[in-house]
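J.: Since each chain sits alone in its own frame, please combine them into the complex, following the hints.
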Amino acid sequence: MSSSTDSPTLTTETTQLSPQPDTETAKPTKKITLKSSDNQIFEVEESVAMEFATVKSFFEDSPSTDTVPLPNVTAKPLSQVIEFCKEQIKFKANPDEAQKKKYNAEFVTEKSDKDLVDMIPVANYLEIKDLLDVLNQAVADRIENKSVEYVRSFFGIDNDFTAEEEAALRREHAWAYEGVDED
Amino acid sequence: MLSFKRIAGSSSSSQAVPFSVSAETIANNEDLLTELILLRLPIKSLLKFKCVSKHWLSLISNPHFSRRRISCDTSPCGLFLIERGSPYAGYQTVALDSNLSKPPFKNLTFANDPSEIELIQSCNGLLLFRSLRPGRSGRIYYVYNPTTEQQNTIPRPRRAVGAALAFDPSKSPHYKVICVRECHQWLQHQYEIWMYSSNSGPWRVSGDPFNTKGSDEQFNGGVFCNGVIYWLDVSGTTGVSLCFDIDGEKLHQMPPPPAPRRKGRKR
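Chain order of the listed sequences is F and D.
Quick note on numbering that gives the first Met the number 0: the first sequence kicks off at 0 and runs consecutively.
Quick note on numbering that gives the first Met the number 0: the second sequence kicks off at 0 and runs consecutively.
Don't read these hints as lab results, they were simulated from the structure.
Just so you know, these numbers come straight off a predicted model, no measurement behind them.
A portion of the hints provided could be inaccurate.
Claimed, not checked - Under 8 Å between C-beta atoms, here's a sample of chain D residues computed to sit facing chain F:
1. C50
2. K53
3. Y141
Every residue gets a Cβ at the ideal spot worked out from N, C-alpha and C, and that includes glycine.
Here chain D stands alone, though its shape is the one from the complex (with noise of 0.2 Å):
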């Protein structure tokens, strides 16, 4: 076959085969495909598409594909919205975008977990969730795709009271889960942080015991952005907000948003 990318014309070319362009050929061009037509059609139809041939079953799954599509629009269609209050959390969506037809799904149950389990956190198109209530060694805490459905169990890390999610897939396809675990030393309630890595593997610590004047319940509902978690002062008491540098492994305070203003008292 011929390339598409040969340049014409060096003399002798012009009495080359006549090629005839077709829709075919388009098909058979991996090249091609991959990147002008496939890279332009939202998840949707990525993931209906994959069964049109084997061929296209791997562009699509193909690592590299995800990435290039990644780079070329992350506009989120939509929202999910949780309801609480029943035995499992039902989701309602909220369409952002004309295009959405059909959520993914409407409540989540993970067959091999038997107790309820709760979204702590989404991040960039991927889900944490955790056991609601810890069993005789803690909490199992999942990462979840709502778009593939596929499901990672987390090794269990003990006596975590938190956890956050980093994943930034224009930066990495991998993600890394950071969990906070509580310590003693020295008689003194000290907090340390875990890293899990779905790349490299197994829990390790990172940096040293620290305190702070926070509670436990700081370390659930972090943010993650720009390659940073957020874990603020959920209390409003302490005024002691931390962010965890994830690159750098560093762990910073930082400063009390401004307090809110009471009308009619001075301060």
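If we strip away everything but chain F, and leave its shape as in the complex, we get (with noise of 0.2 Å):
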């Protein structure tokens, strides 16, 4: 949000149909209570939480319940979901493609490998398909290039090949094992 919005003397903020994220001097909107699974407490705006389709149909089916627990989801994940999903509300308020993909870009650099694997299951299971996409790209762009060893370390899989049968394998398609970035 530019600087002006943030000014005290903001009346107008009021009349608007959607609730502004930012807007705490306004008319204040609903807010929803987030419960991850290492017991944290998230209150997100109404509208950040109903970006999550899982926490959408929960309310559909329970609307009188004020916190939803979501017992697989950790707290640091879920703390940037929710920073992602908050930006992603303004650009629903004032579409900019161009800021939005440069935003989206930026949201998955700054990432460690951790935190974009992390994220994923977080995106997947409260059902949020444009973060699942960017972090998906990232993790493949990330790994495209490295070898066979760095991506096994960046998933922590077991190689359970004998090293006759990796031998094999590398045989088969040797050309595609060149020009491999370093790890």
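T.: Given below as structure tokens:
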């Protein structure tokens, strides 16, 4: 948001139909409480929570609830997912494809490998398709030109081939193993 | 293991065992991994990552996965140019995409064919070759996948004057080879179309014998596009081009292309 909308003499905001995420001086919007598996509490705007299809359908089933337990989600990836969705709401209100692309690219660039892979199941579980697309592309971009060993450690996969089996596979597509980036 | 697809929050699940999401969890979750990350990798990376683990090998080799991958992206990353004049045709590559590092092959020889081979058609990632000189029972035809280096020798079609490959991976993982054979009926020189399917096997005849004003040469260098094989009149004299609809097994004659206008002459 630009600094002008943060000015203390903000009164016009209340006439807007959709609640703005950072208009705390304006009419209070409904907050929804999310509880992570490690018992951290997150208070988010209703509009942000409704970006999570899983939370949305939870509310449709039991509208009187005020806290949504998310037993599959730990606090750290959840906070990052919320951060992403808050921005997406702004782009929904003011569509700007170029800015959105830029934000999405920066969002994944600054994350560690672990942060990215930890967010994927969360985005999947909460059914946030845009984020899932962004994350999967980011992971694919990071491993695309890497070595097999790098990918194993990236995902914590044990090599269960014998040395002979692996050598045979490498011979089969020898050309595919050339031009690998350094780990 | 918990399923990611399960919807949260039947009230009892708030007491569920905390579930730590991790890289290992993703690697073990087949659906997520295939659908979401592997589908976004280029083919070269997929071939390389077959040796990450047995699980990855089975995911990447799964025909269902191949079909889904094909529908994601089919933009070509390079072109092969044939160098004529060498004993075995060499191939130069032209990269259309900055990621193309090294081509899968520079020249091709098939171990079980001592004679030279020539490329007659390229079709959506598969190549159709034939032996350069006909043997006692005709030429041998090969279908080759340069990416996986898999090769299939097609059962030898007798009296074949030409062959064409029909392969559309977005519709089917199987390919067909269409061969035009000469036949003699009522003392007339005629042609017949025979089809071979990588799925259902042996050669079978399709439709009735036909005549054409064109020469045998016409039936080499067919082009496959949208389920139809086109044989253009290469001699440019008869003006008869043919096309064959693979699914409907119908042969049609195409109208000749407009003749080029010559300057300074009135017709």
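J.: Each of the hints needs a verdict: does it hold here or not?
T.: Here's how the hints hold up against the structure:
1. C50: holds (4 Å)
2. K53: Given a least distance of 5 Å, the restraint on K53/D holds.
3. Y141: violated (19 Å)
Violated hint: 3 only; the structure is consistent with all others.
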